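Enquirer: These protein sequences, in sequence, are chains H and F.
For the first sequence, this note's numbering gives the first residue as 11, with consecutive numbering after it.
For the second sequence, this note's numbering gives the first residue as 11, with consecutive numbering after it.
It is possible that some hints are incorrect.
One copy or two, either will do: identical chains are not told apart, so a pair holds if it fits within one copy or between any two.
Unchecked claim - 35 Å max Cα-Cα, derived DSBU-like pairs, lysine-lysine: (1) 60 x 415; (2) 205 x 114; (3) 115 x 566; (4) 224 x 118; (5) 293 x 585; (6) 487 x 282; (7) 429 x 293; (8) 585 x 32; (9) 270 x 585; (10) 32 x 115; (11) 60 x 282; (12) 32 x 513.
Everything labelled a hint here was simulated from the structure, so no lab data went into it.
As the structure is a computational prediction, the values presented were derived from the model and not from experiment.
There are 2 protein chains.
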Amino acid sequence: MMAAWMAHCGINARIVDKRSTKIFSGQADGLQMRSLEIFDSLGFADRAWKEANHMIEICMWNPGEDGVIRRSDRIPDVPVGLSRFQQIVLHQGRIERFFLDNIKKYSKDSIHVERAVLPESLQISEELCGNHSADNYPLTVQLRHLTDDEATPAQSNGSTVRDGLFRSNLAEDDTDDLIAKGREKQGSTEIVRAKYMVGCDGAHSWTRRQLGFKLEGEPTDFIWGVLDIIPITDFPDIRMRCAVHSASSGSLMVIPRENKLVRLYIQLTEIKPDSSGRADRSKITPTTIIEAAQRIIAPYSLTYEYCDWWTAYQIGQRVGTNFDYKDRVFLAGDAVHTHSPKAGQGMNVSMQDAYNLGWKIGLVVKGVAQPSILKTYQSERRRVAQDLIDFDHKFSRLFSGRPAKDVLDETGVSMADFKDAFLKGNLFASGLSVNYGASMLVAKPGDPAAQGDGTDLSSSAKVLSLVAKEDLATAIKLGMRMPSFKVLNQSDARPWHLQERLKSDGRFRLIVFAGNVHAPAQSARLNAFCAQLAASAFLRPYLYAHVAVLTVHAAKRTETELLRDFPDVLHPFSKETGWDYESVFVDDESYHEGFGDAYTNYGVGKETGCVVVTRPDQYVGFVGALDGEAGWEGVDRYFRGVFVG
Amino acid sequence: MMAAWMAHCGINARIVDKRSTKIFSGQADGLQMRSLEIFDSLGFADRAWKEANHMIEICMWNPGEDGVIRRSDRIPDVPVGLSRFQQIVLHQGRIERFFLDNIKKYSKDSIHVERAVLPESLQISEELCGNHSADNYPLTVQLRHLTDDEATPAQSNGSTVRDGLFRSNLAEDDTDDLIAKGREKQGSTEIVRAKYMVGCDGAHSWTRRQLGFKLEGEPTDFIWGVLDIIPITDFPDIRMRCAVHSASSGSLMVIPRENKLVRLYIQLTEIKPDSSGRADRSKITPTTIIEAAQRIIAPYSLTYEYCDWWTAYQIGQRVGTNFDYKDRVFLAGDAVHTHSPKAGQGMNVSMQDAYNLGWKIGLVVKGVAQPSILKTYQSERRRVAQDLIDFDHKFSRLFSGRPAKDVLDETGVSMADFKDAFLKGNLFASGLSVNYGASMLVAKPGDPAAQGDGTDLSSSAKVLSLVAKEDLATAIKLGMRMPSFKVLNQSDARPWHLQERLKSDGRFRLIVFAGNVHAPAQSARLNAFCAQLAASAFLRPYLYAHVAVLTVHAAKRTETELLRDFPDVLHPFSKETGWDYESVFVDDESYHEGFGDAYTNYGVGKETGCVVVTRPDQYVGFVGALDGEAGWEGVDRYFRGVFVG
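Modelling step: build the complete structure from the supplied sequences, incorporating the hints.
Expert: Following this line, the structure appears as structure tokens:
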């Protein structure tokens, strides 16, 4: 994801991986709605959507009074109406493939994942860190190139079935081993000088260790196994996402996947951590895992002929003490938060860390944005990680607990509580409830430190005096991702989800809700706003290159003309290509795809309109009026807090 | 398209092209709804849909009483509700790319377009033609391999802008030249022995000439130019499909395209054919064409900085006397029908020719289908070509004619007639009104010869005694493509357009509308039908391999169980992969994508149900009851008329 941002922003970057290949099976698989929206903004959600299994419904199976499991409930897998995507499942190898293709395309073949390469030293010039000028490289990293053999971990027991134990938290990290082995050879190192570095190097993060930062939290005694199989079974809901609580044999989760595969998460109640706190992984095999599953799912039968991958892990929740070092070295993903995989959060939240950070680094490297925006990474994402860990702590205990026999059974888990947690959890797990706190990037009232993870953002004080007018757009929430409804291109009547026009190209968007442009008062407001926009000494140089302008009006499409009814700044003219026909949209009925009713759904008045600023990651930074103090002046002040003057 | 079918059917095939490269710009661009449905069945409609410009609305511009053009009407570009696709525009080069990728994938890299190769002799062993047994190759073709230089035609005037004049009907054919040039060299030929051959070699078809078949019809005096430009204009509807009739300067059509391009079809009223009947193409340049456009579109301005491609053509309609020679050599596309390009029919109807033919050849080569089905190619497609020529004849004259000044102006074209023709023409042009006549493949009453192009299909007489019961599915029409509505997979609740399950894999579909399976009478009917299906000595060997079975039931999804409520033959068990979860669907509401209401939309009763047979190209071959004479017996008789016993 970081490399994709660098490619989309045109930044010179390198990416190294100590492993010699991409993932070919197993590992993560669930893609949440927000991740698909992000993929779409990068240009490849359609590939994932087409290949993946789509999860639609969750079935809950619990013991009846006779102790035999039965289906007790069905709920939609994700809340209805939140996004144009739903949750899908596809193995991580394909997702890596989409990223690799996307990076290649957008970097014009200049950024490649360099495999079997790992860092062995990091030096930081403390005095250079504070100076973000162009020719300043505070970081010096020594990279070591491994042979393929060195970089390929052995599989358990010499089996031909791939397993993921070498990446599991039941395994020791092999980074130091790899570095030591590599050092026995000559001439296989190089020195890289860098402005910024991001460690996306997993739970055992070498980068985190160099910085001396910690993961805080505790493991539990719960051990789970994972099997990717083509199941042969008479269990009726094997193609649904299922949560199965047996009376006394533990729990099981069914995740139906692509190509007839099903992933089973199976509680291994017979395996316990030893006195060191870690379970003996030699006792865990596909056979022990499927036998545990058979006990849970009885009286239904469950076997398989084909196993694609398997692993096991010990549940625990930990979060990093720090996500950045002096705005120069950053940590993302498992390097700063680890938890159980069952809520499908690991890959998603990790990608979203990098999605939050990439454009900020991109704009600072280009000299467009003030370096202080980099502080919002920890403030925004460490808070998300803390929320995630709290969610997973609660969720995984409900999942691993024994079902309560009745209301008096206090050590058991109430199945009503479990269902309730699932329903609430679905919104959190979708990634769409993320709400970033006040900063120079989010013109929201309140205390930035309290709304974030406690990080001091005092440098953004001047922006916080901004009066954002959220009541002008009651369904557009500052700090949350811009919701999406269908609008039509004024020039060709084609329907688009507005979000499709918020591509991840590193640009902010100034979205002008022009309202009913045939009302004289509204037209006058629009013209006055556009005159200020076109004349702005500060913002004008950033327009289009770093701030794209989108207009959504609410007059009838067929009574409206692009060239007659909208100031030029909203659809600029080019000598080579004529007028811009791709920036003005209308909230009107389509011939073939219904009516988005965007003004109603966004809560924007057609006789007032408003302006909205979205960040390059689609989160809402500012909402203002077309006129008055919170209008043009607000937009101007927002960007003065972000861009270099 | 033929090569794609061969790849999808696993047939050993070769494809040669006398040109040295694929198309990179210009040529055809419009993709009709039916073509997109076909692309989807092959697996790449999504790529075209994503890259293309979508045409949504047609604007009509006509002279007012003052003689100045103004917008007189807007109509939707395609009829609403007919298909899940609409008309899009994308240049032929991209479409060729999608085909090349698809052929490579499905042929496992064994079929490639062999470029700069052309046939120079064709020998047909007359006595072998009638014997379709496996080791019989009646055709002998000598192929000549050209150098790149030989195969690349010169561009006009040494310009760097690509033009298509060398492919236009204003140019002479160069095939004989190429063959003669190639003969001067040694060792560049090879002999191919073939069972079947299809000439998709254009209006000057070498194959057609070898067979001695003719194109019948006449050219007109109307000459049109084509420009692919990025327009610089104040014409308000430049991103709409427009038909512009000027008072006395001729007509112009606007086709907005991808990447800011617009294609303009421009009537060249000042250029006339000479006494030979052909216009002097040296007089036609991008400058003369844009100047003609400027006269038509005045008082609006129209210029360009970038021209991607241009060409010119003379309007005429011709159709081939024969489409096949002894069921061994076939002609498709421009080789058997030529007409004006403005209705966007050329590429679409030509691809649909091959789409009609490919699976038939595939099944005959495999020894699955009776060779007599090959006769339906000419019967079905020559009739379509005749209808197309009639349509184009009328449409192009309305387009090229001068607008009538008033109702008394009898030599002018009434703009009301023109709009009416456009509305009716849109259904024809969508490709969705094609209605194949009675044959062994379409169990329809009536005279096969009269419903087709006159071809004798008497070998299908035994099938014509079939009593198809169209009243059981009032919106499913014998001979037309199966309509599509959304249904849910019973096993995982995922919504699918039913058409998405009719992939082009060479298989017929037996679609069982099981109705309300909880009604005892309905369940009994279903069970009886399935028992006959499972026990059939004739059809059982073809089941699944050549006839996929899809079930759509109408009980509540959540009250229905796949393994309990449906006979095994509808979801067969495999020792390796368990039960089939991908064949039983339900007409019920979805969580996220509305309600397809398929039974209502198909006109099928929930307390009767029915069975429908679709051909491998999605056309409806048979409709019958679940019980009675037109039930199982009808299905059995249909397939006895098609498959080898």
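Enquirer: Determine for every hint whether it applies to the structure shown.
Expert: Verification of the hints:
With identical chains, the CA atoms of residue 60 and residue 415 are never at most 35 Å apart, being 43 Å at best within one copy and 54 Å at best between copies. In this assembly of identical chains, the alpha carbons of residue 205 and residue 114 lie at most 35 Å apart only when taken from the same copy (22 Å versus 44 Å across copies). In this homomeric assembly, residue 115 and residue 566 never come within 35 Å of each other (Cα to Cα): the closest approach is 39 Å inside a single copy and 47 Å across copies. Taking the closest pair of Cα atoms, residue 224 and residue 118 never come within 35 Å of each other, the shortest separation being 38 Å inside a single copy and 51 Å across copies.
Proximity of residue 293 to residue 585 under the C-alpha cut-off of 35 Å is restricted to the inter-copy arrangement: shortest distance 29 Å between copies versus 71 Å within a copy. In the homo-oligomer, the alpha carbons of residue 487 and residue 282 never lie at most 35 Å apart, since the shortest distance is 46 Å inside one protomer and 64 Å across protomers. For the identical chains of this complex, residue 429 and residue 293 are intra-copy neighbours only, at 33 Å inside a copy versus 77 Å across copies, given an alpha-carbon limit of 35 Å. Proximity of residue 585 to residue 32 under the C-alpha cut-off of 35 Å is restricted to the inter-copy arrangement: shortest distance 32 Å between copies versus 46 Å within a copy.
Taking identical chains as interchangeable, the C-alpha atoms of residue 270 and residue 585 lie at most 35 Å apart only when they sit on different chains, with a minimum of 13 Å there against 54 Å within one chain. Both within a single protomer and between protomers do residue 32 and residue 115 lie at most 35 Å apart by alpha-carbon distance, with minima of 18 Å and 22 Å respectively. Proximity of residue 60 and residue 282 under a CA criterion of 35 Å is satisfied in neither setting, with 41 Å inside one chain copy and 52 Å between copies. In this homomeric assembly, residue 32 and residue 513 come within 35 Å of each other (Cα to Cα) both inside a single copy, at 27 Å, and across copies, at 31 Å.
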